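Modelling step: build the complete structure from the supplied sequences, incorporating the hints.
Numbers 194 to 479, taken from the numbering used here, label the letters of the sequence shown in order.
Since the hints were made in silico from the structure, they are not lab data. Given the structure is predicted, the values throughout are model-derived calculations rather than measurements. Honestly, I wouldn't trust all of these hints.
[Stated by the list, open to error] Restricting the straight-line Cα-Cα distance to at most 27 angstroms, the calculated cross-link-like pairs of lysine-lysine (DSS-like) are:
id	residue 1	residue 2
1	222	297
2	256	222
3	222	293
[Unchecked claim] With beta-carbon atoms standing in for the labels, derived distance ranges:
id	residue 1	residue 2	range
4	302	333	41 to 51 angstroms
5	426	395	37 to 47 angstroms
6	413	366	16 to 26 angstroms
7	207	326	39 to 49 angstroms
8	204	247	44 to 54 angstroms
9	366	279	26 to 36 angstroms
10	204	326	18 to 28 angstroms
11	298	267	23 to 33 angstroms
12	363	217	36 to 46 angstroms
13	214	365	42 to 52 angstroms
Cβ atoms here follow ideal geometry from the backbone N, Cα and C, with glycine treated the same way.
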Amino acid sequence: FSPTWYASWNITVQWLAGDIACRTLMFLKLMAMYAAAFLPVVIGIDRQTAVIHPLGPRSAGRKLLGAAWVLSFMLALPQLFLFHTVRRAGPVPFTQCVTKGSFKAQWQETTYNLFTFCCLFLLPLTVMTICYSRIVLSVSSPQTRKGNDAPAGEFVLRRSLDNRPRVRLRALQLALLVLLTFVLCWTPYYLLGLWYWFSPTMLTEVPPSLSHILFLFGLLNAPLDPLLYGAFTLGCRRRHQELSSDSSREGGSGRMHQQESQALRQMEVKTNVAARKAGETKETFL
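This is the structure in structure tokens:
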């Protein structure tokens with residue numbers, strides 16, 4: 194919903210929807226950005242809990258999910274009071290949705306922008322880095338590697354393959370991809386924002402469409418995350434089905450081999466009994 198009205202605003206240039214819509218939509222815009230940043234953090238925390246404490250309670254996931262949405266709502270509330278419509282009189286009247294007059298000094302606006310930058314970018318990036326680092330360290334620890342080589346004299350089934358190295362590799366790949374997409378999608382937009390916050394005159398050097406393009410590119414991070422998780426889940430499911438089919442074929446061949454062995458043993462027993470009877474008949478004749 195956010196990119197749709199944002200794109201229409203770029204077409205009309207000036208704001209035509211009124212003051213209430215100005216405040217509401219700017220509030221929804223920031224709330225969408227907060228939600229897009231906080232929900233991957235919740236996913237990272239949930240994955241960390243599932244890997245490090247697989248047998249522990251999982252009820253905290255729903256609480257974290259609710260907290261992420263409530264926090265997004267609360268942090269976006271100032272937008273309702275900062276943004277408003279400003280009308281410029283003249284031969285061609287022009288109305289725009291801006292924060293002009295909401296801050297008494299430039300440092301107040303810069304502080305507010307830096308606060309949103311920390312909550313939207315630095316804090317989620319730090320939490321996700323910690324969570325996925327703990328996941329990689331957990332699956333790569335010596336405890337998870339123990340048991341890859343069977344002790345001497347211990348019977349090991351031929352199809353008991355250890356897939357933990359593959360699981361560790363896939364966990365590392367997914368963690369790096371999630372962090373990489375977050376950084377690649379949002380870094381250009383926030384670098385441009387930092388430049389503007391500390392040097393407002395940069396607007397004369399950068400085309401206005403660049404900030405809109407970078408903002409829409411940042412929102413692309415939201416649909417990329419479920420695609421990544423889905424792709425890795427489908428890959429794991431295919432491998433699991435392949436292993437299951439191999440195991441079933443292995444089990445079928447094992448049962449056939451067992452039946453053949455039983456038939457051979459029965460033939461040996463019958464041969465021995467026939468030979469014994471033949472010997473007894475020969476002794477009686479003599």
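Among all the numbered hints in the text so far, which are the ones the structure does not match?
-> The structure breaks hints 9 and 10; every other hint is satisfied.
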